[in-house]
Amino acid sequence: MATSTVEPGVRAHIVDVADQLFYARGIQSVGMDEIRTGAGVSLKKLYAAFPGKEQLIAAVLSGRHDLWERGVHGAVEAATTPRDKLLAVYDFLESWFGDDTFRGCGFINAFGELGATSPAVAEIAREHKDSFQRFVQELTAEVVTDPERAEELAAQLALLAEGAQTTAAIAGTTAPAAHARRAASTLIDAATGLSRA
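Using the UniProt record's numbering, the first residue of the sequence shown is number 1, and each one after it goes up by one.
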């Protein structure tokens with residue numbers, strides 16, 4: 001008897017295959033049939049797991065969000081001082097940009113492809129970016145005591161990270177992470193009234 005429930009492992013495998021294909025080639029250029037073939041599942045099982053492509057895209061982006069969170073939070077937690085925790089964000093970016101599979105931010109890519117036509121994808125991308133902004137703001141609050149200055153610094157540091165991601169994807173180099181880190185260091189020092197050699 002057929003069931004509409006797909007095993008979590010099979011569902012996760014489909015998401016992984018779709019993520020690899022979407023990230024490497026773009027969402028619109030990859031069809032559900034190609035994902036079915038890559039995942040080695042029947043079309044019936046694929047559509048039982050994901051009734052439409054938008055649900056699959058949402059699952060892929062959810063996985064990307066979790067991967068990002070683990071990476072950036074792990075780098076920050078490994079740092080010792082509040083200032084170093086802020087700068088660890090850029091160290092994480094440099095490591096990520098050096099990965100052979102790096103093709104830019106999956107959320108920026110998805111928004112660029114589908115943001116104008118898919119409100120759901122646009123909302124997922126916005127929430128991901130808002131989540132990162134809130135995280136950076138929590139970190140800046142540990143460095144800058146004035147709430148307004150901390151909020152302004154957080155916006156600047158997040159913007160540096162976002163710009164580095166886009167620039168690194170286009171340039172194909174890790175250098176934007178180092179440039180962003182140096183700029184972040186200058187901004188942090190200006191916000192805290194420090195001067196470093």
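No lab work stands behind these hints, which were simulated from the structure alone. A virtual CB, placed ideally from N, CA and C, is assigned to each residue, including glycine. Be aware that one or more of the hints could be misleading.
Claimed, not checked - Label-pair distances were calculated between CB atoms; the ranges are:
(1) Glu-152 - Leu-43: 48 to 56 Å
(2) Glu-54 - Ala-79: 23 to 31 Å
(3) Pro-147 - Lys-44: 35 to 43 Å
(4) Glu-77 - Asp-189: 17 to 25 Å
(5) Ala-190 - Ala-120: 35 to 43 Å
(6) Asp-146 - Thr-117: 38 to 46 Å
Unchecked claim - Derived pair list, reagent style EDC-like, types lysine to aspartate or glutamate, alpha-carbon separation capped at 20 Å:
(7) Lys-85 - Asp-146
(8) Lys-129 - Glu-94
(9) Lys-53 - Glu-113
(10) Lys-85 - Glu-34
(11) Lys-129 - Glu-152
(12) Lys-85 - Glu-151
(13) Lys-44 - Glu-34
(14) Lys-85 - Asp-100
Output the indices of the hints that this structure fails to meet, ascending. Of the numbered hints given earlier, those the structure breaks are 2, 3, 10, 14, listed in rising order.
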